[in-house]
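So the sequence lines, in the order shown, correspond to chains A and B.
Under our numbering, residue 665 is the last one in the first sequence; the count climbs by one each step, no gaps.
Under our numbering, residue 915 is the last one in the second sequence; the count climbs by one each step, no gaps.
Derived from the structure by calculation, the hints contain no laboratory data.
Ideal Cβ placement from N, Cα and C applies to all residues, glycine included.
Mixed in with the good hints there might be a few duds.
[Stated by the list, open to error] One side only, chain A facing chain B, incomplete, derived with CB under 10 Å:
1. Met603
2. Thr640
3. Tyr654
4. Ser660
[Stated by the list, open to error] Quick list of simulated restraints, FRET-style, between CB atoms:
5. Gly588/A x Asn753/B: 43 to 49 Å
6. Asn699/B x Gly449/A: 26 to 32 Å
7. Pro704/B x Leu492/A: 52 to 58 Å
8. Ala825/B x Asp481/A: 54 to 60 Å
9. Val409/A x Met714/B: 28 to 34 Å
10. Arg426/A x Met714/B: 54 to 60 Å
11. Leu806/B x Glu546/A: 23 to 29 Å
12. Ala422/A x Leu695/B: 30 to 36 Å
Take a look at the letters that make up each chain.
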Amino acid sequence: MIHDVTQPLLRVQNLHCAYGVRAVVRDISLDLWPGEVLAIVGESGSGKTTLLNAMAARHAPTSGTVAFAMLDAGLQDIYALSEAQRRLLARTDWGFVHQHAADGLRMNVSAGANVAERLMALGHRHYGNLRAQASDWLTRVEIDPSRIDDRPDTFSGGMRQRLQIARNLITQPRLVFMDEPTSGLDVSVQARLLDMLRMLTRQMNLAAVIVTHDLAVARLLAQRMLVMQGGVAVETGLTDQVLDDPQHPYTQLLVSSVLPP
Amino acid sequence: MISPRTPASAPLLDMQSVGKQFVLHLQNSTALPVLSGFNLTLMPGECVRLSGPSGMGKSTVLKLAFGNYRATSGRIWVRDTNGQQIDITQADARTVLHLRSQTMGYVSQFLRVIPRVAAIDVVAAPLLEGTQHALTPDEARERAAQWLTRLRIAPALWALPPATFSGGEQQRINIARSFIKPRPLLLLDEPTASLDPENTQTVIDLISEARAQGVGILGIFHDASVAQTVASRTVAMQPYQATP
């Protein structure tokens with residue numbers, strides 16, 4: 405954690421999201437600093453994923469702002485950027501890891517092409533370099549590089565998820581959004597993925613926002629936590645504070661409802 | 672949040688009228704008062720022992736100082752490495768994290784294990800936190816190896832995740848992981864509880880060495896002989912009393 409940085413990477417202010425008249429996210433504000441991992445927890449329907457999508461420029465909020473510290477221009481409202489700028493941001497400086505790998509991968513092209521796609525979109529053309537970088541990233545996410553020409557539909561669930569992570573991280577983003585990245589995986593596969601995410605976020609000083617309903621995942625990966633209920637952030641704080649000394653009735657219910665994380 | 676008063680002789684830790692009560696919302700909002708009007712100052716080189724029977728709030732004091740529990744009332748000033756007094760009860764998450772990384776260490780009785788991470792990497796991790804560390808991963812491991820050796824963890828165990836280790840081994844991993852990075856304030860919750868006499872002596876030596884370097888230590892030591900050897904002062908916890 406660098407403490408002399410004077411500006412957050414992401415600043416969310418008074419964010420509201422509504423579907424019709426139904427408010428799904430109400431008045432959420434937060435700052436995320438470089439290298440910080442924030443977990444958003446809460447039950448299904450609490451608005452976690454809507455909030456994530458609003459922060460990741462995937463679904464415009466009804467009101468409020470989301471600002472990102474652009475490399476050349478400082479904090480900029482992401483919804484005021486042009487569509488092209490936003491797309492560039494989303495495939496260079498940001499990553500988005502979907503709950504279902506099939507939503508984040510191209511299932512009908514090779515693993516190597518999946519991993520190298522962002523580089524190609526940025527204009528990298530040298531086939532040998534692209535392949536070498538893809539192979540290097542497969543190794544980093546513990547996929548045997550000899551599988552580089554295989555299609556992801558021949559991969560296991562855990563491998564697909566790791567492939568999705570490699571595909572996102574190859575451009576060295578500063579911020580990654582993740583929607584339930586470990587749900588639906590076996591515990592042993594989960595442990596491997598979690599350990600890898602933990603290592604990569606630290607090595608790359610990567611900031612991340614992770615939506616999860618698993619408090620143990622939050623404990624392992626995130627320094628900070630935001631608890632949502634009915635679209636409202638009912639509690640925020642350091643992960644260990646929120647889990648060990650929960651203040652809000654809903655957080656207390658959440659913590660007491662699971663085996664100790 | 673940051674006090675203007677920063678003389679060099681300021682305490683490392685200054686707890687002023689600290690109160691803590693837990694409100695159990697799921698049990699008809701029962702209030703569980705643990706601490707009220709608690710005061711404590713800790714100067715560099717001191718080792719203050721918290722004493723008293725179980726349930727008097729000794730561990731709570733350590734957790735409040737570490738920012739793990741949130742105080743219900745009072746102020747908890749921690750002097751950071753720049754000499755600034757920071758009130759941990761008011762500080763934002765990022766400031767508390769920075770204090771934990773640079774200023775204060777906490778050794779709990781239990782190691783929180785991370786699946787798949789080798790013991791030696793668990794110990795080396797604090798040296799590699801953040802982006803400004805001067806050590807390479809290999810150098811950090813070398814230093815971790817020295818600590819594991821000093822705390823008598825068999826080299827055959829170094830590459831294994833500590834999940835399967837004995838209680839005493841896990842506790843020594845915890846101690847190594849905390850002492851490996853010198854920090855001016857140490858909070859120790861029964862650091863010798865499950866150690867044999869030899870390792871207990873090592874921990875006693877570590878505490879003396881840290882004190883000689885000006886580290887301030889606040890600890891809970893149930894073993895009376897350990898407490899007598901390491902502590903420069905004892906603070907007896909008082910039963911909870913409602914403050915008027």
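These are the hints, each one checked on the structure:
no., hint, result
1, Met603, "holds (9 Å)"
2, Thr640, "holds (8 Å)"
3, Tyr654, "holds (9 Å)"
4, Ser660, "holds (6 Å)"
5, Gly588/A x Asn753/B: 43 to 49 Å, "holds (46 Å)"
6, Asn699/B x Gly449/A: 26 to 32 Å, "holds (27 Å)"
7, Pro704/B x Leu492/A: 52 to 58 Å, "holds (56 Å)"
8, Ala825/B x Asp481/A: 54 to 60 Å, "holds (57 Å)"
9, Val409/A x Met714/B: 28 to 34 Å, "holds (32 Å)"
10, Arg426/A x Met714/B: 54 to 60 Å, "holds (58 Å)"
11, Leu806/B x Glu546/A: 23 to 29 Å, "holds (25 Å)"
12, Ala422/A x Leu695/B: 30 to 36 Å, "holds (34 Å)"
Comparing the model with each numbered hint stated earlier shows that all of them hold.
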